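K.L.:
What follows is the residue order along each chain.
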Amino acid sequence: MNKFEVSNLNLFYGDNHALKDISLKIPSRQVTALIGPSGCGKSTLLRTLNRMNDLVEGVKITGDVKFDGEDIYGNVDVKQLRMRVGMVFQKPNPFPMSIYENVAFGLKAQGLKDKRKLDAVVEESLRSAALWDEVKDRLNSAAFGLSGGQQQRLCIARAISMQPEVILMDEPTSALDPIATHKIEELMDELRKKFTIVIVTHSMNQAKRISDKTAFFWMGKLIEHGETSQVFNQPNDKRTQGYVSGEFG
Amino acid sequence: MLQDKRIFNRDTQDKLLLAAIWGSAAITILFLLWVVWHILSNGLAYVSWEFITSAYTRIGEASGIWAMIVSTIYMVGLSLGIAAPIGIMTAIYLTEYAKPGSKIVKTIRFCTESLAGIPSIVYGLFGMTFFVTTLGLGFSILAGSLTLAMLILPVLIRTTEEALLAVPMSYREGGYALGSSKIYTIYRLILPSAMPGIVTSVILSIGRVIGESAPVFLTAGMVTQIPQSVLDSGRTLTVHLYKLTQELFTQHEWDQAYATATVLIVLVLILNLATKFIATRINKAS
Amino acid sequence: MNTASKVRTTGLELAPAKTYDWKELLFHLLFLASAMVGVVSVATIGWFVFQEGLPAFSQAGVLDMVLGREWLPPALYGILPMIVATLISTAGAVIIGVPIAILTAVFLAELAPRWLANIVRPAVELLAGIPSVVYGFFGLVIIVPTIETLFNIPAGNTILAGIIVLAIMILPTVITISETSLRALPSVYKEGALALGASHIYSIFKVLIPAARSGIFTGVALGIARAIGETMAIIMVMGNAPAMPGSLLEPARTLTANIAMEMSYATGIHGSALYSTGIVLLVFIVLLNASLLYLNRKRSY
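Residue numbers (this note's numbering), protein chains in the order written: chain W, 6 to 254; chain P, 311 to 596; chain X, 24 to 324.
Keep in mind that the hints were calculated from the coordinates and are not lab data. Heads up, a few of these hints could be off.
[Unchecked claim] Listed next, the in silico DSSO-like pairs over lysine-lysine satisfying Cα-Cα at most 27 Å (straight line):
no., chain 1, residue 1, chain 2, residue 2
1, P, Lys492, W, Lys118
2, W, Lys198, W, Lys213
3, W, Lys118, X, Lys46
4, W, Lys65, P, Lys413
5, X, Lys229, W, Lys120
6, W, Lys96, P, Lys492
7, W, Lys71, P, Lys492
8, P, Lys492, W, Lys122
9, X, Lys229, P, Lys413
10, W, Lys113, X, Lys46
11, W, Lys113, P, Lys492
12, W, Lys122, X, Lys213
13, P, Lys492, W, Lys120
14, P, Lys492, W, Lys65
Just so it is clear, the structure is predicted and the values come from calculations on it, not from any experiment.
Please model the entire structure based on the sequences and the hints provided.
P.N.:
Take a look at the structure:
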């Protein structure tokens, strides 16, 4: 079953044609990796999936993005879409508040006030993000006191708190050291059981390690996508071949 | 030979310029120290609890500035009560809602910059005609506060805007990516993050309100009684100092003038320390 | 995990977007309305000042007012003496204050040992916040008597006293802004000049000050604006006689002082003439800002 079905998607930043005629199916409860050289449009595509591109001035989109069969650029409530499609950013972006408040932020924004329920969700989310044991004694201290890797797992917990169906990850480990990266990758292996994950990554090894499906982008076009093993081992396109073998990118 | 001479000249020139720089710095420091020292050394002795809490009398020995302190506090509270919400909301509009570079932003910016350029005496002129006479508020704390609110609005807007722009884009993205509404994200995430900067701008505005005098006596008047309501006239500390300097005959009057000036300098010092305190806290946080 | 699902309407379908999100719209309008306060304020002030000032201009004649040398309400409304007093006191303050201020800024940004700069800088900031009446008071008790003794004149309330007080008052403004713009320069400027064998002083005057000029111009313009607009300190030390001053050692009345001194009792055309005075003051401010724009645009290639 497909969580997202993107068809004939074109995206323009003013005159810049950033995504060219993309069609792509993203399967449910699997990890899909978007790879390609910088500026190839992979992050832009990721941001069309929860309509974060709406925040950018002068973006124009044609084509279809269907989420569970429903066109998200049609008449839908964007806030609800974003609750169901969570996002983790390249640089950990904890809010300037306590660990607890960070995780509770999304639910409080929806008007949830019940302290017991909030406590439960915060604990569950932090457990799911494999952070609970490290922070359970200092939930009320500032999130900035955490290490980079912990901050990123906090951001994952914050996304999980909304119980999304999808988690979009925009190069989530590019700002982290190898040990923290390894922890996040382990975590993703757990998360794939419950969530659909779409991850943009620069690291081909990471894509190989964690993803089920891989899509290769080049200059705003989707060149190739399929099973990760196929894309890396028997690419159909020369450009994919060149990129995954490290010739450019 | 020629070459040598030029180098020699440049050396002399450098030394002269260096002397000019050190000399200028010395002049600046000396003059500024002199102003503060002269006031404090003549005024501190006369500042007492009694002076601060007593009513003003022209001749009595127990004369003080309590009414002026109350009027000043009223003026600060009311003008900021009016201007701070408007200024902060304007800054929110400019940074979070308006399209950057759009016509409406340009208009608002042009107008606030123009407001900032208007000399304070013109505010006094306007306030006296519009608030005091046309709106019939009379010489009152309210008329004065409305006038000063207009006067401090541009600085409040600009500094709050800077504080909001300094909030990382990633906070906004993080908030919106959770499906939070715009207003919730602004209220619970962006404003709290910008709060130290906003508080600093409010403190700066307090200093401005305390320091103004010309537009104040033209709108709030100079009555030396404690104002019973915002529709009463009141005399602020700066206006009081001005009135005192008009009649410096007895030692008693000199003492009062110096003491009032001392109180003003101490107030400014406290406000400055407060902004410094907040600034170091911002630096620590980031 | 069920807790979270209770706070939103989960379902297979996304709810349709609300046509109007009333809460968001309400706040949007509230913020927009606040932003309009500044616009309305400028419009109202402008309208009032011109509406009130024009009768005097039309009755007394613009040229007769601006070039008139006698201020004798309700008969004559010549404000040339005030224009001259404003221009001279401001120019004098700039001539004395600006070089000292810029050199002090250079001192703080380039030459001062760190510990000294860390003392002087906050002191200068403190002085920027001291109320102008305090400077006026200082001028009245120190500078005015000094001028009396020095030049052996009966009253020290003169243009010279005004110039000195204004020069002191504009120092903090010009210093702070000039220093900020000097510090904002990328270090490559200085390193480049020093690498070519230029002396530190030479590179300051030939490279750094020119590179920071737009910031310095802005600081100077703000200083000038402060001098032109200053009212109370000037009233306290300049004597305020509305006659054409013959020298720096005579009293004079600035445009601002003219308004502040007579506004509380002026009526009719006299009141209107004070508004006209305000218009002339505004014209000076507009000219000042226009020339700043011109200078900073022309040179920013």
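K.L.:
None of the hints should be skipped; say for each whether it holds.
P.N.:
Outcome of the hint check:
no. : hint                   : verdict
1   : P:Lys492 with W:Lys118 : holds, 19 Å
2   : W:Lys198 with W:Lys213 : holds, 18 Å
3   : W:Lys118 with X:Lys46  : holds, 19 Å
4   : W:Lys65 with P:Lys413  : holds, 22 Å
5   : X:Lys229 with W:Lys120 : violated, 65 Å
6   : W:Lys96 with P:Lys492  : holds, 22 Å
7   : W:Lys71 with P:Lys492  : holds, 24 Å
8   : P:Lys492 with W:Lys122 : holds, 24 Å
9   : X:Lys229 with P:Lys413 : violated, 40 Å
10  : W:Lys113 with X:Lys46  : holds, 17 Å
11  : W:Lys113 with P:Lys492 : holds, 14 Å
12  : W:Lys122 with X:Lys213 : violated, 60 Å
13  : P:Lys492 with W:Lys120 : holds, 24 Å
14  : P:Lys492 with W:Lys65  : holds, 21 Å
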